[in-house]
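Q: Modelling step: build the complete structure from the supplied sequences, incorporating the hints.
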Amino acid sequence: MSLTYTQFINKAFDESLRDDARVLLFGLGVGDVGAVFGSTANLQSKYGSDRVFEIPLSENAVTGMALGLAIQGFRPVMMHQRADFSFTSAEQIINRVAKTAYMSGDIYKVSLVIRMIVGRGWGQGPTHAQSPHAIFSHIPGLRVVAPATPMDGYHLMKESIYSNNPVIFIEHRWLHQTVEKANNEIIMPNINEARIMKSGIDLTLISLSYGVIECLKIAEVLGEFNLKVEVINLRSIQPWDKSTVIQSVTKTKKAMILDTGHIEFGLTGEISSVLYSELFNSMSHPILRFGLPMEPTPSSAALAIDHYPSIENMLQKIKIHFGFKFDLKDAIKIFVDKFPYKTKHQDQPDVGVIGPF
Amino acid sequence: MNQYLKSLLEKNSAFKDPRVHMFANIQLIRSIELLISEKYEEQIFRCPVHLSIGQEAIAVGVSMHLTLNDKVVSTHRSHAHYIAKGGDVFRMLSELIGSPLGCCKGRGGSMHIFDNSVGFMASVPIVGSSLPIAIGLALAEKNLNSKNLVVAFIGDAALETGAFYESLNLAALKELPILIVLEDNGYSTFSNKSVRWPASKNVRETIQGMGVSYLQGNGDYVEDVYKNVSKIISRVRSNQPILLNLETFRRYEHCGPNLDDKLGYRSKTELESYLERDPLKILEDKLVASGVVSKIIIEDLVNDIDGYVKNSFMSMKIHNNNYLAEFKASH
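Line by line, the protein sequences are chains A and B. Under our numbering, the first residue of the first sequence is numbered 1, with each subsequent residue one higher. Under our numbering, the first residue of the second sequence is numbered 358, with each subsequent residue one higher.
The hints are simulated quantities; they were obtained by calculation from the structure and are not laboratory data. Fair warning: there could be bad hints in the mix.
As the list claims (entries may be wrong) - Here are the computed distance ranges between Cβ atoms for each label pair:
| no. | chain 1 | residue 1 | chain 2 | residue 2 | range |
| --- | --- | --- | --- | --- | --- |
| 1 | A | F280 | B | Y622 | 57 to 65 Å |
| 2 | A | D106 | B | L425 | 20 to 28 Å |
| 3 | B | Y622 | A | L303 | 47 to 55 Å |
| 4 | B | T424 | A | D106 | 25 to 33 Å |
| 5 | B | L425 | A | D50 | 22 to 30 Å |
| 6 | B | C404 | A | D50 | 39 to 47 Å |
As the list claims (entries may be wrong) - Beyond 10 Å from chain A on every Cβ pair, some chain B residues (computed):
| no. | residue |
| --- | --- |
| 7 | I401 |
| 8 | T546 |
| 9 | Q565 |
| 10 | D581 |
| 11 | K638 |
| 12 | K652 |
| 13 | F684 |
Cβ coordinates follow ideal geometry from the N, Cα and C atoms, glycine included.
A: Take a look at the structure:
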């Protein structure tokens with residue numbers, strides 16, 4: 001049975017609520033007709049408004065409330081339809097949620113998931129399109145995960161709910177319509193582990209969340225030129241799976257990192273630093289990094305095209321940077337044919353990639 | 358109640374009077390705070406401390422109503438709340454010196470005192486931020502149908518934070534078993550309320566307007582505190598959130614071991630008013646005058662408590678030195 005990412009998240013919530021009376025779900029929109037883009041649909045009627053409920057617009061206090069519930073043994077999942085709203089609760093997340101277990105001498109177990117949805121396109125703009133994975137990864141005591149596929153979403157959500165640590169669950173809005181077949185035979189890695197989405201020997205592409213979908217497209221295009229590209233889906237950002245990444249780059253000797261956040265002081269720098277330390281003498285080229293520039297995300301569709309790294313642009317940089325011999329024009333034509341943009345504005349998700357991943 | 362106090366008060370039938378319990382509790386807190394103040398210059402307590410001297414009556418008058426399973430959340434000024442809830446002197450002093458034998462294993466210090474074995478769930482030094490957690494604790498108690506309540510001690514400056522209003526709204530919306538005890542000492546560090554609150558501010562109307570019941574009273578007389586809580590506690594236990602606003606006096610500096618009279622931000626008249634407001638002295642005078650206990654018995658009680666605190670301090674030093682010696686030997 002094929003399900004969308006959103007349906008997989010709904011399934012993860014449904015099963016967790018069914019299996020464990022301590023699981024609670026709340027946030028703005030959880031109980032309304034929109035049901036957080038459909039991801040919480042039918043859950044309130046099924047499990048009651050004591051366990052699945054709407055909140056007042058008090059994200060800061062509700063985050064502290066979630067922490068209070070967690071230290072009393074509940075497993076709350078709080079959600080933000082846009083990650084940007086979580087900044088109103090930065091005090092509770094950074095000073096309380098992250099540090100409570102530590103300050104209690106590890107007596108408290110804080111099982112708490114804060115789900116944050118990252119917007120993109122259609123004018124989301126400066127304060128509805130930020131991906132704060134690097135910000136929260138900088139805070140000791142928080143785990144940060146970011147799924148890239150529907151099955152990833154399902155497994156990571158369930159593992160996050162049953163984790164004994166607070167988890168920041170970063171979820172890209174453009175994943176919501178991606179589709180994957182439920183497959184119980186695939187053995188998913190655990191919450192800390194990256195997933196190799198595609199094996200190769202010529203180049204390693206490292207990314208997270210929706211960036212992984214873009215890397216898979218790049219890998220497919222380059223595959224037409226006989227370049228075997230390995231794609232790593234990080235899944236967990238804090239902690240990140242150093243050994244899988246190092247192993248891959250040891251083999252390919254070339255790495256490109258694509259971030260859904262800003263380049264400076266972020267994920268690409270962190271991973272590069274470790275790769276340079278570990279593989280300083282064995283990489284054939286410097287690491288190529290992509291991400292967002294140091295400007296707020298513009299609302300204008302025209303401006304946003306240059307703000308996000310485009311696949312055309314990345315193909316060009318990859319060719320020059322690593323000295324690959326493929327023809328750029330041909331590569332771009334292959335890309336556009338395989339994954340046609342739905343609109344000329346390029347500001348809507350392209351659902352051209354359908355699993356199995 | 359603190360375990361040591363419990364056994365002390367069982368020794369003498371003259372100690373059965375609840376007012377003697379109140380006195381012993383306040384005296385225990387006072388002795389600890391004075392010891393910290395005295396030893397602070399030895400640089401053994403290596404963390405910021407916010408002493409409770411002058412404000413003890415509230416902690417004691419409220420906590421005497423609480424069971425072990427009731428929950429308390431405190432602020433940066435947490436010592437009185439912890440001890441009154443039954444906290445352990447050795448573990449608290451150990452926490453203040455950063456010892457692994459402390460109630461937070463030395464990771465939290467004075468501003469983050471926590472000990473869930475006595476229902477002391479958290480101390481939060483970011484003003485106002487303790488309330489959201491208290492709300493969550495109360496919602497959990499309600500969901501579990503436990504009949505336990507949650508007490509959140511806050512200061513007057515918490516009323517200037519957004520977290521306060523967000524939490525009040527949640528307390529009323531969810532009908533939670535929470536008692537918010539506002540200890541109004543009039544100051545945020547050095548700033549008097551007059552530079553922080555408009556003269557027209559009406560706390561009662563603010564709280565009631567948000568759907569939370571309100572009661573105001575005196576915070577210097579521990580018996581008054583106790584009586585006021587008696588009036589409302591069963592309502593809180595049946596899921597009616599209430600805010601109890603009590604005036605109090607912070608005798609020492611905001612942060613540190615000293616008096617700060619010389620700074621002049623509090624007038625001489627204001628400082629002298631403490632002579633009439635000291636919760637310990639008020640109660641002692643009353644106990645002696647009314648013949649509940651004699652002056653001699655009071656002195657014996659004070660000596661016992663003082664001695665216990667000093668012994669706890671010595672024992673803490675010895676245990677910590679032993680721990681350090683073992684640690685060094687094993688590394």
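Q: Determine for every hint whether it applies to the structure shown.
A: Hints, one by one, checked against the model:
1. F280(A) to Y622(B): 57 to 65 Å: holds (59 Å)
2. D106(A) to L425(B): 20 to 28 Å: holds (22 Å)
3. Y622(B) to L303(A): 47 to 55 Å: holds (53 Å)
4. T424(B) to D106(A): 25 to 33 Å: Since T424(B) and D106(A) have Cβ atoms about 26 Å apart, the given range 25 to 33 Å holds.
5. L425(B) to D50(A): 22 to 30 Å: For L425(B) and D50(A) the Cβ distance comes to about 27 Å; the hint holds.
6. C404(B) to D50(A): 39 to 47 Å: holds (41 Å)
7. I401: holds (21 Å)
8. T546: holds (19 Å)
9. Q565: Correct as stated: the minimum Cβ-Cβ distance to chain A is 18 Å, above 10 Å.
10. D581: holds (30 Å)
11. K638: Given a closest Cβ separation of 36 Å, the condition holds.
12. K652: holds (43 Å)
13. F684: holds (16 Å)
Hint violations for this structure: none, all hints satisfied.
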